[in-house]
Amino acid sequence: MKIIPLADRVVIKTVEVEETTKGGLILTGSAKEKPQVAEVIAVGPGGIVDGKEVKMTVKVGDKVLTSKYSGTEVKVDGEECTIVRQGDILAVVED
Amino acid sequence: MKIIPLADRVVIKTVEVEETTKGGLILTGSAKEKPQVAEVIAVGPGGIVDGKEVKMTVKVGDKVLTSKYSGTEVKVDGEECTIVRQGDILAVVED
Amino acid sequence: MKIIPLADRVVIKTVEVEETTKGGLILTGSAKEKPQVAEVIAVGPGGIVDGKEVKMTVKVGDKVLTSKYSGTEVKVDGEECTIVRQGDILAVVED
Amino acid sequence: MKIIPLADRVVIKTVEVEETTKGGLILTGSAKEKPQVAEVIAVGPGGIVDGKEVKMTVKVGDKVLTSKYSGTEVKVDGEECTIVRQGDILAVVED
Amino acid sequence: MKIIPLADRVVIKTVEVEETTKGGLILTGSAKEKPQVAEVIAVGPGGIVDGKEVKMTVKVGDKVLTSKYSGTEVKVDGEECTIVRQGDILAVVED
Amino acid sequence: MKIIPLADRVVIKTVEVEETTKGGLILTGSAKEKPQVAEVIAVGPGGIVDGKEVKMTVKVGDKVLTSKYSGTEVKVDGEECTIVRQGDILAVVED
Amino acid sequence: MKIIPLADRVVIKTVEVEETTKGGLILTGSAKEKPQVAEVIAVGPGGIVDGKEVKMTVKVGDKVLTSKYSGTEVKVDGEECTIVRQGDILAVVED
Numbered sequence: 001m002k003i004i005p006l007a008d009r010v011v012i013k014t015v016e017v018e019e020t021t022k023g024g025l026i027l028t029g030s031a032k033e034k035p036q037v038a039e040v041i042a043v044g045p046g047g048i049v050d051g052k053e054v055k056m057t058v059k060v061g062d063k064v065l066t067s068k069y070s071g072t073e074v075k076v077d078g079e080e081c082t083i084v085r086q087g088d089i090l091a092v093v094e095d
Numbered sequence: 101m102k103i104i105p106l107a108d109r110v111v112i113k114t115v116e117v118e119e120t121t122k123g124g125l126i127l128t129g130s131a132k133e134k135p136q137v138a139e140v141i142a143v144g145p146g147g148i149v150d151g152k153e154v155k156m157t158v159k160v161g162d163k164v165l166t167s168k169y170s171g172t173e174v175k176v177d178g179e180e181c182t183i184v185r186q187g188d189i190l191a192v193v194e195d
Numbered sequence: 201m202k203i204i205p206l207a208d209r210v211v212i213k214t215v216e217v218e219e220t221t222k223g224g225l226i227l228t229g230s231a232k233e234k235p236q237v238a239e240v241i242a243v244g245p246g247g248i249v250d251g252k253e254v255k256m257t258v259k260v261g262d263k264v265l266t267s268k269y270s271g272t273e274v275k276v277d278g279e280e281c282t283i284v285r286q287g288d289i290l291a292v293v294e295d
Numbered sequence: 301m302k303i304i305p306l307a308d309r310v311v312i313k314t315v316e317v318e319e320t321t322k323g324g325l326i327l328t329g330s331a332k333e334k335p336q337v338a339e340v341i342a343v344g345p346g347g348i349v350d351g352k353e354v355k356m357t358v359k360v361g362d363k364v365l366t367s368k369y370s371g372t373e374v375k376v377d378g379e380e381c382t383i384v385r386q387g388d389i390l391a392v393v394e395d
Numbered sequence: 401m402k403i404i405p406l407a408d409r410v411v412i413k414t415v416e417v418e419e420t421t422k423g424g425l426i427l428t429g430s431a432k433e434k435p436q437v438a439e440v441i442a443v444g445p446g447g448i449v450d451g452k453e454v455k456m457t458v459k460v461g462d463k464v465l466t467s468k469y470s471g472t473e474v475k476v477d478g479e480e481c482t483i484v485r486q487g488d489i490l491a492v493v494e495d
Numbered sequence: 501m502k503i504i505p506l507a508d509r510v511v512i513k514t515v516e517v518e519e520t521t522k523g524g525l526i527l528t529g530s531a532k533e534k535p536q537v538a539e540v541i542a543v544g545p546g547g548i549v550d551g552k553e554v555k556m557t558v559k560v561g562d563k564v565l566t567s568k569y570s571g572t573e574v575k576v577d578g579e580e581c582t583i584v585r586q587g588d589i590l591a592v593v594e595d
Numbered sequence: 601m602k603i604i605p606l607a608d609r610v611v612i613k614t615v616e617v618e619e620t621t622k623g624g625l626i627l628t629g630s631a632k633e634k635p636q637v638a639e640v641i642a643v644g645p646g647g648i649v650d651g652k653e654v655k656m657t658v659k660v661g662d663k664v665l666t667s668k669y670s671g672t673e674v675k676v677d678g679e680e681c682t683i684v685r686q687g688d689i690l691a692v693v694e695d
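Chains as they are written, first to last, in our numbering: chain E, 1 to 95; chain Z, 101 to 195; chain V, 201 to 295; chain S, 301 to 395; chain B, 401 to 495; chain D, 501 to 595; chain U, 601 to 695.
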């Protein structure tokens with residue numbers, strides 16, 4: 001089963017917090033907006049979204065930082081994923 | 101009886117959750133925004149919507165993910181349907 | 201007496217729910233937004249509305265689906281009508 | 301004394317409800333937005349309003365339908381008037 | 401001391417209500433938005449405001465109608481004035 | 501230490517209220533939006549702000565009127581300053 | 601580990617308040633919006649953000665003033681950082 005996001009949406013899979021901590025990134029933040037590291041597993045085509053041209057800049061395999069409460073959670077083949085808009089991705093993380 | 105959606109609207113028919121689970125997709129999510137799998141049964145013409153050009157990218161027969169609380173529910177010939185705007189469709193699901 | 205709607209407004213007359221049910225359409229939905237079938241009895245000229253070009257796509261005699269709580273109700277010559285904006289019309293229904 | 305409305309504003313004078321009823325129009329509606337028949341007594345020049353071109357389509361003497369709670373009430377030479385934006389006028393009524 | 405309003409702002413001085421009543425204008429209205437007659441004492445240059453071209457159409461000496469609760473009150477050389485945006489001026493009043 | 505405001509921001513320093521009163525300006529207003537006189541001590545470059553061209557029209561040394569609750573307060577070398585957007589400045593005051 | 605901010609985002613590292621005070625800058629302000637001095641450690645590429653061209657004007661190493669409650673906090677290799685949009689940066693501070 002495959003999820004193909006529409007427009008400027010991106011499917012991401014949360015990376016385990018423990019694994020992240022080893023790499024040096026520990027997430028803090030208020031209860032209101034808690035960021036998290038996730039891996040990009042599918043990227044929408046971009047194009048005209050709400051009448052504005054959106055160019056997709058993240059790619060499959062990127063590790064990204066998003067707000068924990070952004071997007072919509074789904075489970076695909078047993079894996080928890082989240083569908084977010086690219087604009088809700090704060091940064092790409094490199095090792 | 102036939103429903104012809106206007107503008108960027110799409111008529112979708114919820115797919116049974118049990119059937120979906122077999123294919124590997126189990127839906128989770130907060131009570132606030134619960135996604136669901138649905139099949140597209142009619143697609144509006146797109147065009148200028150709120151002053152912006154909208155191109156329809158979903159087609160009849162597509163399996164799509166939407167928020168459960170998006171759109172307006174109707175029953176056509178005994179079948180429960182929902183009318184959503186294309187922008188409320190998160191992703192297309194392929195087997 | 202005649203009502204000539206301005207801009208992108210449309211005058212619609214609610215179709216009896218019983219009559220609709222015969223044709224196979226039974227309306228469901230949350231208390232928040234209950235759709236209904238109505239017949240178009242007058243259509244505004246469209247044109248520039250809020251700075252955006254609006255082209256009228258519904259026509260007199262069309263059966264349409266709208267949210268029950270859209271628009272403003274008036275009674276013309278004893279008939280209950282509603283004035284809605286075309287953008288609040290979800291779909292056209294054909295027998 | 302004369303009121304000259306600015307921009308896309310229109311000065312209207314409420315028509316007596318009894319007189320209206322004779323012509324066949326009885327107004328209903330929720331307490332939230334009650335429409336009323338009024339006569340246009342002055343029309344602003346239109347032009348660029350909030351950065352958008354507005355063309356005035358109503359004219360002095362027109363009978364119009366507006367929401368009762370639109371606009372600002374003033375009394376001119378003993379007559380109650382209301383200043384509304386043209387976009388708050390729902391329809392023109394003809395006998 | 402002189403106040404030079406910026407952008408699309410206008411400095412107005414409330415005209416005594418008693419004086420107004422003689423001329424035939426009595427102000428009514430809900431507690432929420434009470435209109436008042438005022439005299440324009442300074443006019444901003446207009447130009448690009450929030451990215452939109454604004455042309456000033458009121459001039460010093462005009463009697464104008466505004467909502468009582470629009471703008472910011474200041475006292476200049478003992479006189480109470482109000483700074484409003486031109487878009488909050490409903491109409492010009494002529495005797 | 502020097503503060504260089506970004507975009508359409510302006511650094512202002514509140515002028516003593518007592519001094520202002522001598523010049524004939526006494527400030528009144530609701531608790532909600534209390535205007536105040538301030539001196540401009542730094543001006544941002546303007547340019548494209550939120551996608552719109554902003555031209556700076558105030559300059560260092562200008563006495564300006566703003567809402568008391570606009571902007572963000574900072575203390576620079578013992579002096580209380582406020583950083584506001586130029587659009588929050590109501591007027592320039594001249595003696 | 602490296603954080604590469606997307607779009608118009610900037611990664612900043614809060615500068616110790618004690619150190620700042622020595623330089624002459626003491627921060628005040630309401631509990632609602634408390635500004636703080638931070639050092640820029642990474643800058644996004646800018647470009648089209650929400651359909652509008654954004655040019656990045658801050659650079660790595662700049663000391664900037666932001667609202668304390670802007671942005672999302674993360675910890676990178678033991679250092680607390682915050683990801684903000686460039687538009688939330690009020691000013692650059694120079695010694």
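Simulated from the structure, these hints should not be mistaken for lab results. Some hints could be false.
Claimed, not checked - Just some of the chain U residues that point at chain E, by a computed CB distance under 10 Å:
1) Ile603
2) Leu606
3) Ala607
Cβ coordinates follow ideal geometry from the N, Cα and C atoms, glycine included.
> Is the shortest C-beta separation between Ile603(U) and chain E less than 10 Å?
Replying inline: holds (5 Å)
>> Less than 10 Å between beta-carbons is the criterion; does Ala607(U) satisfy it with respect to chain E?
In response: Holds: closest Cβ of chain E sits about 7 Å from Ala607(U), inside 10 Å.
>> Is the interface hint satisfied for Leu606(U)? The criterion is a beta-carbon contact with chain E at less than 10 Å.
In response: Holds, about 6 Å.
Violation of the numbered hints given earlier is absent; every hint is satisfied by the structure.
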